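Chains A and B supply the protein sequences, listed in that same order. Here the numbering used here is used: the first residue of the first sequence is 1062, the next is one more, and so on. Here the numbering used here is used: the first residue of the second sequence is 173, the next is one more, and so on.
Simulated from the structure, these hints should not be mistaken for lab results. For clarity, every value in this text was computed on a predicted model and none was experimentally measured. Warning: the hint list may mix true and false statements.
[Said to hold, decoys possible] Here are the simulated DSS-like pairs of lysine-lysine, each with C-alpha atoms no more than 27 Å apart in a straight line: (1) B:498 to A:1190; (2) B:247 to A:1364; (3) B:281 to A:1396.
[As the list claims (entries may be wrong)] Covered stretches of chain A (in silico footprint by chain B; criterion: 3 or more residues with CB under 8 Å from a CB of chain B, positions within the stretch not fixed): (4) 1193 to 1200; (5) 1384 to 1394.
Glycine residues also receive a C-beta, built at the ideal position from the N, C-alpha and C atoms.
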Amino acid sequence: MFYREAGDFKTSYAADNQTFPIAFDRYRYWVVLAIAFLVMPFIINDYWANALLIPFLIYAIAAIGLNILTGYCGQVSLGTGAFMAVGAYSCYKLMTAFPDVSILIHVVLAGGITAMVGAAFGLPSLRIKGFYLAVATLAAQFFLVWLFNKVPWFYNNSASGQISAPERFVFGVPVTGANTDAWAVYLVCLVFVTGSAIIARNMTRGSMGRKWMAIRDMDIAAEIIGVNPLRAKLSAFAVSSFFVGISGALFFSVYLGAVEVGEVFGINKSFLVLFMVIIGGLGSIFGSFAGAAFIVCLPVVLKLIGVDLFGWPPDLVAHFNLIIVGLLIMFFLIKEPHGLAQLWRVAKEKLRLWPFPH
Amino acid sequence: MSADFLYGIEVILNGLMAGVMYALVALGFVLIFKASGIFNFAQGVMALFAALTLVGIMEGQIPFSHLINEIFGTKIHNFGWEVPALLAIALTLLVMVAFAWAVQQFLFKHLVGQEPIILFMATIGLAYFLEGMGDLMWGSNIKTLDLGLPQGGSRVIEELSANLGGDDFYGFFIDKLDMVASVVAIILVLALIAFSQYTKHGRAMRAVADDHQAALSVGISLNFIWVLVWSLAGLVALVAGVMWGAKSGVQFSLSLIALKALPVLMLGGFTSIPGAIVGGLIIGVGEKLFEYTVGPMIGGATENWFAYVLALLFLVFRPQGLFGEKIIERV
Chain A
1062 MFYREAGDFK
1072 TSYAADNQTF
1082 PIAFDRYRYW
1092 VVLAIAFLVM
1102 PFIINDYWAN
1112 ALLIPFLIYA
1122 IAAIGLNILT
1132 GYCGQVSLGT
1142 GAFMAVGAYS
1152 CYKLMTAFPD
1162 VSILIHVVLA
1172 GGITAMVGAA
1182 FGLPSLRIKG
1192 FYLAVATLAA
1202 QFFLVWLFNK
1212 VPWFYNNSAS
1222 GQISAPERFV
1232 FGVPVTGANT
1242 DAWAVYLVCL
1252 VFVTGSAIIA
1262 RNMTRGSMGR
1272 KWMAIRDMDI
1282 AAEIIGVNPL
1292 RAKLSAFAVS
1302 SFFVGISGAL
1312 FFSVYLGAVE
1322 VGEVFGINKS
1332 FLVLFMVIIG
1342 GLGSIFGSFA
1352 GAAFIVCLPV
1362 VLKLIGVDLF
1372 GWPPDLVAHF
1382 NLIIVGLLIM
1392 FFLIKEPHGL
1402 AQLWRVAKEK
1412 LRLWPFPH
Chain B
173 MSADFLYGIE
183 VILNGLMAGV
193 MYALVALGFV
203 LIFKASGIFN
213 FAQGVMALFA
223 ALTLVGIMEG
233 QIPFSHLINE
243 IFGTKIHNFG
253 WEVPALLAIA
263 LTLLVMVAFA
273 WAVQQFLFKH
283 LVGQEPIILF
293 MATIGLAYFL
303 EGMGDLMWGS
313 NIKTLDLGLP
323 QGGSRVIEEL
333 SANLGGDDFY
343 GFFIDKLDMV
353 ASVVAIILVL
363 ALIAFSQYTK
373 HGRAMRAVAD
383 DHQAALSVGI
393 SLNFIWVLVW
403 SLAGLVALVA
413 GVMWGAKSGV
423 QFSLSLIALK
433 ALPVLMLGGF
443 TSIPGAIVGG
453 LIIGVGEKLF
463 EYTVGPMIGG
473 ATENWFAYVL
483 ALLFLVFRPQ
493 GLFGEKIIER
503 V
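Just chain A, with the same shape it has in the complex:
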């Protein structure tokens, strides 16, 4: 009834091209933002922040990044974990080298460094395609993790080989280190997520995003109509790595605080983010959020059911976790290969006709 274009008259080109053409969607968007920024910080507690909200926000950034590369530009990457590690380590080096500069700037700069590394590792994509490229990105994954493990300069010669975030403040509130409050960390992550989503959304519907999609749909044809594949592919790698780097920097600095690269940014992380993108929906910003939420919530829910409800021992629940995650992924791919975003699209189509579908 209320979910209609009818009666919502657009008077300018900008209004006609806005992200949410339906008034209800626009209100919903502002309500979600208002709740996220104005209500959540007051009701958040440590457990929910650390178990669900903060990982969700950080993974959402990584998923947006990978979605740009894989969903919009069609280049499958299995090196996400390593690029997150690049973000984390460059953030660490910047934090320790320039302690007076704000951590927020460091996180953005870390994204910039990751973008350069990502573009360098994207160079082979000009020659190598499809699964060959996917496997080739694994070279980045293994090489970078090895590099961060072996070169002491990256972890400032610390004895454990770990990097740990020193205490840093934003407006006098600690956001990294040992004495952080859940709401402060949450707000920092939220600011970056909101910024990333807005930038990504506008990039993907601009000329750049259309070039990416042309490359994705058929690169030779795109080249013939005048898309430069070198620039399109490398820019996709750079932009994607920028977001992935930001998420890695946040993951290290504000969420975990201390990181051992092989454990945290190993190949499993790459697969995890790829799952988010696939389950959420390739080529959709909303899908990145949905996928991240799904993958972050799943183990928590399964643990709640298994350990707390049935009282099974944790190792048994861990095995069941694997089985159920595997089954769910297969089930999803069979039922809805285009991901949660497609379900959302279908729901919106139905809602437009509701309550008179005929």
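Mind docking chain B on chain A? Use the hints.
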């Protein structure tokens, strides 16, 4: 001959043996990719699962005993018998065939015509499922696989070759198990080639690999061929699982051999069985030599990434791998 040179040769020999092991895993990938275009990430976990099942059957473990004990409060672990190795291998093969059928029936039958990336993700889901299933059925502790295969270095070769070099050379150290694995791998490859060249189903398999629709039109059942191919991949996984399991114990890290096989595939081409073997040998020798010569200078443990970087450099010059089909692109 100087000792360094001889040790270099020893490294190359060991690299060749390791390469055979990589090729074993890569073979399973190639079989499935050729016949159905599915990039089967679960191949490594299949090897783990096969090895776990083999050990479980041999030792007479009760499947799911952990779960059963937890639900019913019982304390059962073993049937109390031990199954001879050959029978256990046959039973494990049956399990792998049943698995192949289930995969086709419940998963890939519903995914026909999907994009390759979706199929790939489905196999990752399959890998998760199988990993959890293996742990749940047989427990997640490290198991030793004892099939009576010879272990340790070969004394004969060591003594025969000891007088090749000077005083500081003590002969080639070559693991007996590696030699057995090489022989088994050669037999397996010959058998596979014979199967695909001279039997009806083997020819049908090659026809499907060439062209699905043409194969369908001459009356070949795609469904059957895919079950067959997955069963063969299960067989290869079993052999790989046995060899790797005998070498380093049956445990989770066994499934990571899939990651070792990927650069082999890239190098050899995803669609070529000879490519998998030659690629495996090149990677095996390359990474051992690199670790031996350059490794000590840059901190060691280069084996994790060297294969990938080698394959990557190689692909830049030949994007379809050594023996892969030439990629022809049309608009």
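Exercise. Please write out, lowest number first, the hints stated earlier that are contradicted by the structure.
Key: none
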